[in-house]
Structures are given as C-alpha cells and as structure tokens.
Amino acid sequence: MTKESKHGMSGAPRPKLTQTGVPEVVKTEVATKANALIEKILKPQHIQPPPDNPQFNYVIDIYGKWYQRYFYICATYHVPGPNATVPSFEEKMARIEYAGNNRFQLSFMRHTGQWVKLYTDVSLDECLASIRDEPFFFL
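When you line the sequence shown up against the numbering used here, it's residues 23 to 161, in that order.
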C-alpha cells in the first residue's frame with residue numbers, strides 16, 4: 023500500500039504547472055506545433071512582398087504567444103503612408119485555451135473585437151487543423 027499525501031492522492035507525480043495552471047509540457051507542445059503551422063502554412067499563404075505603392079495595411083509577420091491560459095496566433099500589420107500614427111500594430115486571429123486533460127477550446131476574433139468560441143473540448147491537432155482550414159481564421 024502506498025502512502026497517501028495530505029491531499030488524499032497517491033501514485034504518479036503531478037505534472038509541473040506554471041503560474042497559470044497550464045502544465046509546462048502542454049505549453050511546449052502547443053507552442054511547437056502552432057509554430058510549425060505558422061512557419062509552414064500561414065506565413066507562406068499570408069505574407070507577401072510589400073506592394074509597390076501601398077495604400078492599405080498589410081501583414082508583415084505572423085507569430086504565436088502564450089498569455090495566461092491562452093495561446094494566441096497573431097499577425098503584425100504594417101501601416102503605410104507618411105501620415106500613419108503608428109508604424110505597425112498587432113491583431114490576434116485565433117485563441118487556443120487550455121481546458122485541462124489535453125483538451126482545448128478554440129475561439130476566433132470577430133470583426134467587432136469580441137472572441138467567439140467555435141469549438142470546446144477538442145484536441146490540439148483539431149484546433150490547428152481548424153485554424154489551417156476554416157475561413158474564420160483569416161488575416
């Protein structure tokens with residue numbers, strides 16, 4: 023018989039958690055797989071050479087980042103023109119939220135600036151396939 027801890031649990035050690043409650047191994051897996059999608063699919067599709075005479079904002083970078091329980095896929099837009107108030111800005115396009123037990127919730131940013139939860143209780147691979155294939159995740 024194994025000795026129980028003061029929390030009543032015994033057996034396998036718990037995974038190391040970050041301050042946000044997401045296991046470090048999950049954070050690493052999400053970042054690795056999402057960055058592969060970004061580099062192999064999203065950047066080649068959405069980042070083009072700058073236009074000759076740019077009049078509109080255009081994508082100059084796509085990247086992922088963790089913030090609390092969320093992994094965001096973001097785009098940096100260049101603002102052309104001599105009267106631009108800022109040279110560039112960030113726009114988030116997808117949010118993957120860790121829900122526990124290797125399950126996630128996937129949201130997209132609506133044109134109103136509100137996050138819309140599209141899928142709940144899905145795997146990471148399902149989230150990334152949706153970001154790759156569905157029209158909700160456009161730049």
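These are calculated hints, taken from the structure and not from any lab test. Honestly, I wouldn't trust all of these hints.
To be verified - Label-pair ranges, simulated between beta-carbon atoms:
hint: 1; residue 1: Glu-112; residue 2: Lys-55; range: 29 to 35 Å
hint: 2; residue 1: Tyr-89; residue 2: Arg-154; range: 17 to 23 Å
hint: 3; residue 1: His-68; residue 2: Val-47; range: 14 to 20 Å
Stated by the list, open to error - No more than 20 Å apart at the CA atoms, straight line, and that leaves these computed lysine to aspartate or glutamate pairs for EDC-like:
hint: 4; residue 1: Lys-62; residue 2: Asp-143
hint: 5; residue 1: Lys-62; residue 2: Asp-74
hint: 6; residue 1: Lys-114; residue 2: Asp-74
hint: 7; residue 1: Lys-65; residue 2: Asp-143
hint: 8; residue 1: Lys-87; residue 2: Glu-148
hint: 9; residue 1: Lys-49; residue 2: Glu-156
hint: 10; residue 1: Lys-139; residue 2: Asp-83
hint: 11; residue 1: Lys-87; residue 2: Glu-46
hint: 12; residue 1: Lys-55; residue 2: Asp-74
hint: 13; residue 1: Lys-87; residue 2: Glu-119
Nothing here was measured: the structure is a model prediction, and the numbers come from that model. We treat Cβ as the ideally placed atom computed from N, Cα and C, and that holds for glycine.
Evaluated hints:
In this structure the supplied range 29 to 35 Å is violated for Glu-112 paired with Lys-55, their Cβ-Cβ distance being about 22 Å. Our hint of 17 to 23 Å for Tyr-89 and Arg-154 holds, since their Cβ atoms are close to 22 Å apart. Between His-68 and Val-47 the beta carbon distance is about 30 Å. The supplied range of 14 to 20 Å is therefore violated. Among the hinted pairs, Lys-62 with Asp-143 is inconsistent with the structure: their alpha-carbon atoms are about 26 Å apart, more than 20 Å.
With a CA separation close to 26 Å, the supplied pair Lys-62 and Asp-74 exceeds the 20 Å bound. A threshold of 20 Å between alpha carbons decides the hint, and for Lys-114 with Asp-74 the separation of about 26 Å lies outside it, so the pair is violated. For the hint linking Lys-65 to Asp-143, the alpha-carbon distance of about 27 Å lies beyond 20 Å, and the restraint is violated. Among the hinted pairs, Lys-87 with Glu-148 is consistent with the structure: their alpha-carbon atoms are about 19 Å apart, no more than 20 Å.
Taking the CA atoms of Lys-49 and Glu-156, the gap is about 24 Å. The hint is violated against a cut of 20 Å. At most 20 Å may separate the alpha-carbon atoms for a hinted pair to count; Lys-139 and Asp-83 exceed this at roughly 25 Å. Only pairs whose Cα atoms come within 20 Å are accepted, and Lys-87 paired with Glu-46 is accepted, the gap being roughly 14 Å. In summary, the hint linking Lys-55 to Asp-74 is not supported, as the alpha carbons are separated by about 34 Å, beyond the 20 Å threshold.
Between Lys-87 and Glu-119, the direct Cα distance comes to roughly 12 Å. Compliance with the 20 Å bound is thereby established for this hinted pair.
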